[in-house]
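This is what each chain is made of:
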Amino acid sequence: MGIELSKVAKSYGSVQAVRGIDLGVAPGETVALLGPNGAGKTTTIDMIFGLARPDSGTVSVFGASPTEAVRSGWIGGTLQDGSPPDQLKVRELVTLMASYYPHPLGVDDVLRQTGTADLAGRWASKLSGGQAQRVRFAAALVGDPDLLVLDEPTSGIDVEGRIEFWQAMRAVAERGKTILFATHYLEEADANADRIVLMARGRIVADGPATEIKAKVGSRSIRATLLGVDLAELQALPGVLSAERHGEAITLSCSDTDAALSALLISFPGTRDTEVRGASLEEAFLELTHEDDHDDRDAIEPSSSSKEGAR
Amino acid sequence: MSGTTHVRYELLRALRSWRTLFLSFGLPLVLYCVIVPANRHVVSDGIPFKLYFMTGMAAYGAMWGSINPGARIARDRAKGWVRALRVTPLRTRTEIAAKVLTAYLIALLTLALLFLAGALFGVRLDAAQWFEMTGLLLVGMAPFVAVGIALGHLLSVDALPPAMGGLVVLLALLGGAFGQLFPRGVMLTIVKLLPSYWLVHAGRAVVGSGSWPAEGWIVVAVWTLCLTPLAAIAYRHDTATV
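Chains X and S supply the protein sequences, listed in that same order. For the first sequence, the working numbering gives the first residue as 1, with consecutive numbering after it. For the second sequence, the working numbering gives the first residue as 1, with consecutive numbering after it.
Among these hints, one or two may not hold up.
[As the list claims (entries may be wrong)] Straight-line distance between alpha carbons at most 27 Å, and here's what the computed BS3-like set of lysine-lysine pairs gives:
#1 X:K126 <-> X:K89
#2 X:K126 <-> S:K79
#3 S:K79 <-> X:K89
These aren't lab readings, by the way, just hints derived from the structure by calculation.
Required output: the full structure, derived from the provided sequences and hints.
Below, the structure is given as structure tokens:
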């Protein structure tokens, strides 16, 4: 295993930041740690870096303790809050970081890859937010660690910078590196990770490819044009969770679109313009991260069962 | 994976700071060059003023240089750089050694500048005396290096400059860097307990016995032995795994 967290819990005072999570990241995998603010992403990352010690459970990185992995140069990355130090130029900062690792990459190559070559002569402490993020990425990359852990690597970067950043990141992933990045941007997780680990309130509420996470929510919908039908009748169809009407258009949220669709077409032959939509990742995200407000309930199971019960 | 690059950049960062340039080099050198001409032939307390004030200003500059890593530590902490370094293979001992070494290298530059100025104003010592004086000043700096590292890890970036400035100026003044305040009496006994007194009196020591009396060595040793663990505790407290 690249990273292995087993039953890891961590509290700060009375705040339970992480409430017993199991997480494995295989070597070579790119995994997004997705979740809203306060989900426990940064605490999880701090424990992987050995900056925080779990109250219970174990964390290992390539079979060793996080501290050993950091000392050996196997793991590198960026923390969420941190800006480059004073009185160093960008190239000097990257050269300095390279000097800490046993087998660093070429400084010039890394500056080019990360789009920071034109900043090489600038003071590292006097960059814009987006520029500083790119320099931090260059500094994390130059040591060529096997595992890169990046906490919100694109916050503060503009759209163009983001595209460049993910290009550079994909090149790193193609070289067989293991990558774990935290983000609260869905599109980023969807587009750049092999797997999404969705966290909310200190728990992992979903773990899998983006498609699986969308499927997990179960709510796909059917839209159609249908006149003069009572909503209650629609709601009673098999596989339908709820029904809405906007003018002539109806929208059925479904737990089973196949069953609902055939029932709809048989019961209401007047149905036109039928369209089946999957839940967007955004809907999945909101549903999985917001519905469970009770701390001691498990987030996924009650959500689907309560819906089944409601129909 | 040696620490040489880290030390080199640490030194470069110190030399690029206006604080270092002004407080460690500029201010003591300018004070010396302005005050000595008018007092060129004064002999104060048995030794020529130009020698006394040379070691006084060298000590003052060296105090700034040796405590200065603390300012860098506080700024790096505020920027999250101290934390960022903890997720690299850089070892604690390399990090601390680089701070100490930088403090000493900056202080050596201060001494070189002041000794050169002293020589230009007619301070004449033989090679062994210059060498001994340098050695005493470097030894006497140790408590200041420790206090700098401790303060850097304890105080916020806003609180540090006034605390450090006040401490250095007070210790320099009491130690006699700007002239002997207490020629005799109970106050002299008290200021002799300060490490700055012995730093300032390194020049007097070499024209006399060639070294500090036992009392000087004990004061410097006790301060160093008390402050070094304090610096270690401050570092560990600041960088503890939570």
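Structure-based check of all given hints:
1. X:K126 <-> X:K89: holds (9 Å)
2. X:K126 <-> S:K79: holds (12 Å)
3. S:K79 <-> X:K89: holds (16 Å)
The structure fails none of the hints (numbered hints given earlier).
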